[in-house]
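Trainee: The primary structure of each chain is shown beneath.
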Amino acid sequence: MKAKAGNVDIDISKEFTPEQLKKLDEIIAKNKDKAGALIPVLEQAQGVLEFLPMPILKIIASGLNLPLSRVYGVVTFYSFFTMTPRGKHTMRVCLGTACYVRGGKAINDIIKKELKVEEGETTPDRLFTLETVRCVGACGLGPVIFVGENVHGRLKPAKVKDVISQYN
Amino acid sequence: MTMVNITMNGQKISAPAGSNILQAAKQVGIDIPTLCDHPALVSIGACRICVVEVTGQRTLITACTFPITEGMEIQTESPQVVKARKLILDLLFSERNHYCPMCQMSGDCELQNLGYRYGIDHWIYPTYTKGFPVDASRKYFFMDHNRCVLCGRCERACGDLVANHTLGLRNRGASSMIHADANVPFGESTCISCGSCLQVCPTGALCDKRSAYMGRNIQTEHIKSTCNQCSIGCGMEIVTRGGNVLRIESDWDAEINAGLLCKNGRFDPLYEDRTRVTQPMIRIGGKLRPSSWDETLKTIAEKISGTNAKEIGVLTSSNSTNEALYLLGQLFCKELKATNVGLLNSAAPKLFDKPQGSLADIVKSDVILVAGTDPAKDQPVASFFVKHAVDRGAKLILVGGKDNGLAPFATMILADIGKAVEVAERAGSPVVLYGAGITEKGASALKKLQGKAAFVAIEPGVNTRAAVAFGFNNGFKASAAKVLYALLGEQGLESADVLKDVDKKAFVVVQASYVSPITEKADVVLPMAIWSERAGSLTNTEGRVQKVSKAVEPAGEAKSDWEIISLLANKLGKKLATSLDEISARATQELK
Ligand code: SF4
Ligand code: SF4
Ligand code: SF4
Ligand code: FES
Ligand code: FES
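Respectively, the protein sequence lines represent chains U and P. Residue numbers in the first sequence follow this note's numbering, run continuously in steps of one, and reach 1391 at the last position. Residue numbers in the second sequence follow this note's numbering, run continuously in steps of one, and reach 749 at the last position.
Isolated chain U (complex conformation):
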């Protein structure tokens, strides 16, 4: 089963171990005929699989005998659920007012170009997941980006590559 999740091709037999998939089956089996089982199942499934790509949503929908349209609706409604794998590092670019006027937008554009991803996506090597935030309370340091817990302030467009290369 091959499907696209964000910008990453997903082959669930490669992506997940047989143990993980077996656990998924168990989660489904346990909740099969329970009313309101969808959210707990999704939560447990994400706990085991880390993300819920389309093939997994299909397995869950048919396993719980629920319409795929609803499962997809629920997964996209709650920001807790993710259909794309998370990168090793989450890169958050601040686009709050202060950072924005100090060039945050340009930084964001360069990062997107460098990593070849759009907002919310993960790089094919699974190193970075790109997100934007609105003000993190470090306006004085603007424009800022976060990589995991690390803050990179007063970032110049020319320095973006350096920052990216610090992580592996």
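Incorrect hints may appear among the rest.
Stated by the list, open to error - EDC-like mimics (lysine to aspartate or glutamate), calculated; alpha carbons at most 16 Å apart, straight line:
1. U/Lys1257 - P/Asp548
2. P/Lys552 - U/Asp1256
3. P/Lys678 - P/Asp658
4. P/Lys169 - P/Glu227
5. U/Lys1255 - P/Asp548
6. U/Lys1246 - U/Glu1266
7. P/Lys534 - P/Glu710
8. P/Lys604 - P/Glu579
9. P/Lys381 - P/Glu406
Claimed, not checked - The calculated label-pair distances, taken between Cβ atoms and stated as ranges, are:
10. P/Lys576 - U/Ala1258: 28 to 34 Å
11. P/Pro196 - U/Glu1341: 42 to 48 Å
12. P/Met259 - U/Ala1258: 41 to 47 Å
13. P/Tyr370 - U/Glu1341: 34 to 40 Å
14. P/Pro674 - U/Ile1262: 55 to 61 Å
Unchecked claim - With the C-beta cut set under 7 Å, the calculated list includes, among others, these residues of chain P facing chain U:
15. Leu324
16. Gly325
17. Asp338
18. Arg701
Just so you know, the hints here were simulated from the structure itself, not pulled from any lab data. Quantities reported herein were computed from a predicted structural model and do not represent experimental measurements. Backbone N, C-alpha and C define an ideal beta-carbon position, used for all residues, glycine too.
Please arrange chain P with the ligands on chain U, whose structure you already have, making use of the hints.
Mentor: Relative to the frame of chain U, chain P with the ligands by itself:
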């Protein structure tokens, strides 16, 4: 019925307990506006346009979800209410694109009408400049997300009424969108194009492609009729303008289908591309040549008069009115004593003399046994009832194979009908749907459930029930006919195979709406009116007699199926009823 007394806008009214404020208002003609609510759908209270003021309540409340209680005092158009509704409309109009003049629904849009009602004449908030997608991947209608107000009517129609669950709502807040399955193009989704979502959409988000921009409701006529595409007999409305059929819409008051229609009934009849037969024709010198009605009927009458009853053959399509089938039986079987008569499709075996159930039993059942029929393919609205029941927890026992359209919803698929009967025997209120595909053995196995189960025959064809009642059933011998009268009507037959055993020298009369391999071979062709051009009645698979209406004039010189036979009877000097009312009354009498 327990009644509850309330006061609405100072008026004292009483309404049945359990009604919500909206229903109580409707009863006395007080118009509370709605957007997400629809009489055929479950109320969800999402759009809040129906808010009203109730004395003692802290905030405004939604009329479509709030039940009435004794002594309740309600204001439906107070200044506070109007202010709230305006705010909602201002917000709705500023979201997405509601530049009405460019919209197909302009004039008929529920949102636009509310804009007029509450004097929304300019945008309070800046409008989106962002464009949303338009998805036209479905053959019959498109979705313009720019006009969508996210009321969710379409989603509820698809899920709760059709039980197809194709539609869903994704994301949240400003990025909410309607999607099919897991956000695939509608045309590639599990959508079965029944058009129920299109029917309930209050705005121009869902629009019929064929009739788009061809007229507003005030410029059109809505004529109630009955679908003649299968034996269910769904009520529908034919929408016409200037003598042309624009589209088919739901008749929410229809008893059998309560507004539901399927693709075969709603869309396909309007995408007909066969060539019409528009004038009577006689074969002269090996070629079909135009002729007058009078001349043509005279030719047929002469041929028939000079032919022995045994050598007359009659073959009819089940896509004929009760009136035509009645007259056909009266003229050929009773008057002319012809016995070699038949039907172009098979019929379900007759299991009992008295009716043992109706389509309405399906949704109330706990086990549904389906044998010898594929309603998802041939009688789709009946399959909606089945899927609906399955959604509510009923078990579906399918006798047959995986290729049956109901297979994905089946609890069990069994090859052995006896086993299926055993399962149904253990149920509380089973229902059996059976068609022409069951064997004699199967039929006797099913009879074991008599008294326990409700039975509904799902007849193949259209007016098969009436055809059988008037004596047209299998047993026709083509080779014995020297004169063949074929009432083909609109029925499509890919080849002239039904004529293959007919004597080469036989005289073949075909009464048909469309040019086909059969009309090409005929000696005489009589042009027949189609579904939208004829009045009369049809008998559905349960035995209900329902009216069909003439919405537009017949093409060319075509005439109604029954009228042609009536004229022929006249030419043959046979005194049969001649007015439609009289023929209908007699036919209905005999069908009882
Ligand atoms: S498509 Fe129509 S019915 Fe569906 S949510 Fe949008 S406006 Fe409502
Ligand atoms: S046409 Fe019918 S099946 Fe398709 S989305 Fe609309 S309601 Fe659902
Ligand atoms: S189920 Fe049959 S009668 Fe009903 S709309 Fe479809 S084709 Fe017409
Ligand atoms: S705007 Fe970026 S930290 Fe405040
Ligand atoms: S109509 Fe009542 S909330 Fe939408």
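Trainee: Against chain U, run the beta carbon of P/Asp338 and see if the smallest gap drops under 7 Å.
Mentor: OK, holds: P/Asp338 within 7 Å of chain U, min 5 Å.
Trainee: Do the Cβ positions of P/Lys576 and U/Ala1258 conform to the proposed distance bound of 28 to 34 Å?
Mentor: This hint holds: roughly 30 Å between Cβ atoms.
Trainee: Are the Cα positions of U/Lys1255 and P/Asp548 separated by 16 Å at most?
Mentor: 15 Å, holds
Trainee: Hey, P/Lys604 versus P/Glu579, does the alpha-carbon distance stay inside 16 Å?
Mentor: 12 Å, holds
Trainee: Once the shortest beta carbon distance from P/Arg701 to chain U is found, is it less than 7 Å?
Mentor: Violated, about 33 Å.
Trainee: Tell me if the straight-line CA distance from P/Lys381 to P/Glu406 falls inside 16 Å.
Mentor: OK: P/Lys381 and P/Glu406 at ~9 Å, within 16 Å.
Trainee: Hint says 42 to 48 Å; check whether the CB-CB distance for P/Pro196 and U/Glu1341 agrees.
Mentor: This hint holds: roughly 43 Å between Cβ atoms.
Trainee: Given P/Leu324 as an interface hint, is the shortest Cβ-Cβ distance to chain U below 7 Å?
Mentor: For P/Leu324, the interface hint holds, since the closest Cβ of chain U sits about 6 Å away, which is under 7 Å.
Trainee: Given the hint that P/Lys552 pairs with U/Asp1256, test it: the Cα-Cα distance must not exceed 16 Å.
Mentor: With a Cα-Cα distance of about 14 Å, the restraint between P/Lys552 and U/Asp1256 holds, given a limit of 16 Å.
Trainee: Next pair to validate is U/Lys1246 with U/Glu1266; report whether the Cα-Cα distance is within 16 Å.
Mentor: 13 Å, holds
Trainee: For the pair we were handed, U/Lys1257 and P/Asp548, check the Cα-Cα distance against 16 Å.
Mentor: Answer holds: U/Lys1257 to P/Asp548 is near 14 Å, not above 16 Å.
Trainee: Assuming the hint says 34 to 40 Å, is it satisfied by the Cβ distance from P/Tyr370 to U/Glu1341 or not?
Mentor: 37 Å, holds
In summary, the numbered hints that this structure violates are 7 and 18.
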